[in-house]
Amino acid sequence: MRAIFEYTKGMRDQETHYCPGCTHGIAHRLIMEVLEEKGKLGEAIGISPVGCSILAHQYMDVDMVEAAHGRAPAVATGIKRVHPDAYVFTYQGDGDLASIGMAEIVHAALRGEKFCTFFINNAIYGMTGGQMAPTTLEGQKTTTTVMGRDPAVSGNPAVMCEMLSQLKGAVYVERVALNSPANIRKAKKAVSRAFEVQEKKLGFAFVEFLSICPINWGLAPSDAMKWLAENMMEVFPVKQFKNPLEVK
7 MRAIFEYTKG
17 MRDQETHYCP
27 GCTHGIAHRL
37 IMEVLEEKGK
47 LGEAIGISPV
57 GCSILAHQYM
67 DVDMVEAAHG
77 RAPAVATGIK
87 RVHPDAYVFT
97 YQGDGDLASI
107 GMAEIVHAAL
117 RGEKFCTFFI
127 NNAIYGMTGG
137 QMAPTTLEGQ
147 KTTTTVMGRD
157 PAVSGNPAVM
167 CEMLSQLKGA
177 VYVERVALNS
187 PANIRKAKKA
197 VSRAFEVQEK
207 KLGFAFVEFL
217 SICPINWGLA
227 PSDAMKWLAE
237 NMMEVFPVKQ
247 FKNPLEVK
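Quick note on numbering: the sequence shown equals residues 7 to 254 in the working numbering.
What the hints contain is simulated information worked out from the structure, not anything from laboratory work.
There's no promise every hint is true.
Unchecked claim - Pairs of lysine to any residue, SDA-like flavour, derived with a Cα cap of 25 Å:
| hint | residue 1 | residue 2 |
| --- | --- | --- |
| 1 | K195 | I106 |
| 2 | K147 | A164 |
| 3 | K174 | L61 |
| 4 | K195 | L173 |
| 5 | K207 | R87 |
| 6 | K192 | L47 |
| 7 | K174 | S198 |
| 8 | K195 | Y13 |
| 9 | K207 | L47 |
| 10 | K44 | Q246 |
| 11 | K192 | G161 |
| 12 | K15 | S198 |
| 13 | K194 | I51 |
| 14 | K194 | L61 |
| 15 | K206 | K147 |
| 16 | K46 | Q137 |
| 17 | K232 | N249 |
| 18 | K15 | R35 |
| 19 | K174 | R77 |
| 20 | K207 | W233 |
| 21 | K44 | A74 |
| 22 | K245 | T151 |
| 23 | K194 | G161 |
| 24 | K192 | G27 |
| 25 | K147 | M108 |
| 26 | K147 | Q137 |
| 27 | K194 | S171 |
| 28 | K194 | V165 |
| 29 | K46 | G27 |
| 30 | K232 | K206 |
| 31 | K195 | F247 |
| 32 | K147 | V241 |
| 33 | K174 | Q246 |
As the list claims (entries may be wrong) - What follows is a set of in silico ranges between Cβ atoms, one per label pair, in the way DEER data are often shown:
| hint | residue 1 | residue 2 | range |
| --- | --- | --- | --- |
| 34 | G45 | P243 | 29 to 35 Å |
| 35 | M153 | E240 | 18 to 24 Å |
| 36 | T134 | H113 | 21 to 27 Å |
| 37 | K44 | H113 | 24 to 30 Å |
| 38 | K206 | G84 | 19 to 25 Å |
| 39 | L116 | H23 | 30 to 36 Å |
| 40 | Q20 | D229 | 26 to 32 Å |
Each residue gets a CB set at the ideal place from its N, CA and C atoms; glycine is no exception.
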């Protein structure tokens with residue numbers, strides 16, 4: 007009988023530490039599926055910093071490096087320059103990339119570093135208990151914004167794709183969502199395009215995944231998927247901002 011579905015060879019057979027309903031696992035699988043399909047699992051090097059993704063090395067069956075909080079782009083820069091033909095990627099959350107690591111990701115993009123960054127945006131600090139993140143929505147309640155985020159006090163949500171797409175070195179920028187089968191299929195295509203940009207050494211590639219955090223949002227997973235669609239996608243529209251592969 008012909009197999010129509012198989013366990014992704016890029017994923018280790020490990021019990022997850024992620025909370026029920028968390029979409030980190032989906033993002034992990036998409037990245038590993040693309041690398042497997044390209045036949046590049048043995049040539050890939052991933053970097054994950056502090057955050058919910060700190061144990062990504064337990065799931066992704068490729069060479070992985072731990073980085074200090076926010077410093078994954080700096081580590082990836084060094085690795086890619088030493089191993090220019092490796093498939094280098096960072097895997098970062100919003101509390102890492104858009105907060106303590108904001109300068110690192112901006113300067114990597116400014117320099118046009120030739121690696122991929124996969125950015126998990128769930129609008130909250132997941133690992134540390136649900137505090138406000140740079141991407142927390144206006145009015146969203148967290149453990150540090152119990153009355154809802156007030157822009158007059160905390161500023162507006164960080165829109166990373168919109169910002170990075172203004173930088174010349176960031177040649178591929180796309181935001182996708184992990185809230186439906188259709189959107190997940192589109193997300194996989196974005197991952198594949200990001201690695202193709204790296205293969206062709208065109209510049210920095212950035213893919214943002216809109217994700218859910220049911221536990222810290224205080225919602226059932228199904229309700230969290232709905233909340234993402236009705237709230238996050240209003241502030242963070244799913245779209246392709248830049249794609250050098252389409253330039254004629």
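Problem - Enumerated hints in conflict with the structure, sorted upward - result: 1, 3, 11, 15, 16, 17, 20, 21, 22, 23, 29, 30
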